[in-house]
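Trainee: What follows is each chain in one-letter form.
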Amino acid sequence: DAGVTQSPTHLIKTRGQQVTLRCSPKSGHDTVSWYQQALGQGPQFIFQYYEEEERQRGNFPDRFSGHQFPNYSSELNVNALLLGDSALYLCASSLQTVGNTIYFGEGSWLTVV
Amino acid sequence: AQSVTQLGSHVSVSEGALVLLRCNYSSSVPPYLFWYVQYPNQGLQLLLKYTSAATLVKGINGFEAEFKKSETSFHLTKPSAHMSDAAEYFCAVSEASGSARQLTFGSGTQLTVLP
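Taken in order, these protein sequences are the chains called A and B. According to our numbering, the stretch in the first sequence is residues 1149 to 1261, in order. According to our numbering, the stretch in the second sequence is residues 9 to 123, in order.
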């Protein structure tokens, strides 16, 4: 049973560009969340998708957007990249029911130069 | 609003010694609490979680944590450290109600195990 898979694992972008990160949730999971983890810090919640809609959002600007597909996979898009967007982006999947275990992927390392 | 404070950004213990990583939380509603471990260049792995059942929670790799409401704490312990325990540990909190909620993480504690 595959866990949460993310792609790409590493990428480098130039300031001002746009990036798309992808996530496939653990089999059977219907909820996908995205987190940003800057170097030396704990992960910070970006947003959560369920039933193809954004259900919750953290304190991130509109440059951060996402999408969930009918097969529950998800994309995170970041426009107009800033140097400060350099971080590890983690995808987490779970069932919508509260209390269920949240599983994380290995993450996508984004470097903005 | 919820928050998590992890006391000590770096903790060093000798192999075989007790591991104690401290976590205090703030929550206006009953919380669910979690400990995650992150090895270098990897994602987060769940060690254990408290979801309002037993206050003493046992997790993987010999770790356990005790929920103490009066102290708003959820400290992580392991009786005997192993070299393979060296990693970064994150405490996290979510609301224990409604649909699946976001996790709020602490800033992490880097555990070093000395031979």
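Since the hints were made in silico from the structure, they are not lab data. Note that the Cβ used here is the ideal one computed from N, Cα and C, for glycine as well. Hints are not guaranteed to be accurate.
[What the hints assert, rightly or not] The calculated label-pair distances, taken between Cβ atoms and stated as ranges, are:
id, chain 1, residue 1, chain 2, residue 2, range
1, B, Thr80, A, Gly1164, 18 to 26 Å
2, A, Leu1231, B, Ser88, 26 to 34 Å
3, A, Asn1248, B, Ser36, 38 to 46 Å
4, A, Thr1162, B, Pro38, 41 to 49 Å
5, A, Ala1228, B, Leu26, 32 to 40 Å
6, A, Glu1200, B, Gln53, 42 to 50 Å
7, A, Glu1202, B, Leu28, 35 to 43 Å
8, B, Ala9, A, Asp1210, 44 to 52 Å
9, B, Leu122, A, Gly1164, 27 to 35 Å
Trainee: Does each hint hold? Answer for all of them.
Mentor: To see whether the hints hold, each was checked on the structure:
no. : hint                               : in the structure
1   : Thr80(B) x Gly1164(A): 18 to 26 Å  : violated (44 Å)
2   : Leu1231(A) x Ser88(B): 26 to 34 Å  : violated (43 Å)
3   : Asn1248(A) x Ser36(B): 38 to 46 Å  : violated (22 Å)
4   : Thr1162(A) x Pro38(B): 41 to 49 Å  : holds (46 Å)
5   : Ala1228(A) x Leu26(B): 32 to 40 Å  : violated (49 Å)
6   : Glu1200(A) x Gln53(B): 42 to 50 Å  : violated (28 Å)
7   : Glu1202(A) x Leu28(B): 35 to 43 Å  : holds (39 Å)
8   : Ala9(B) x Asp1210(A): 44 to 52 Å   : violated (22 Å)
9   : Leu122(B) x Gly1164(A): 27 to 35 Å : violated (46 Å)
Checked against the numbered hints listed earlier, the structure breaks hints 1, 2, 3, 5, 6, 8 and 9; every other hint is satisfied.
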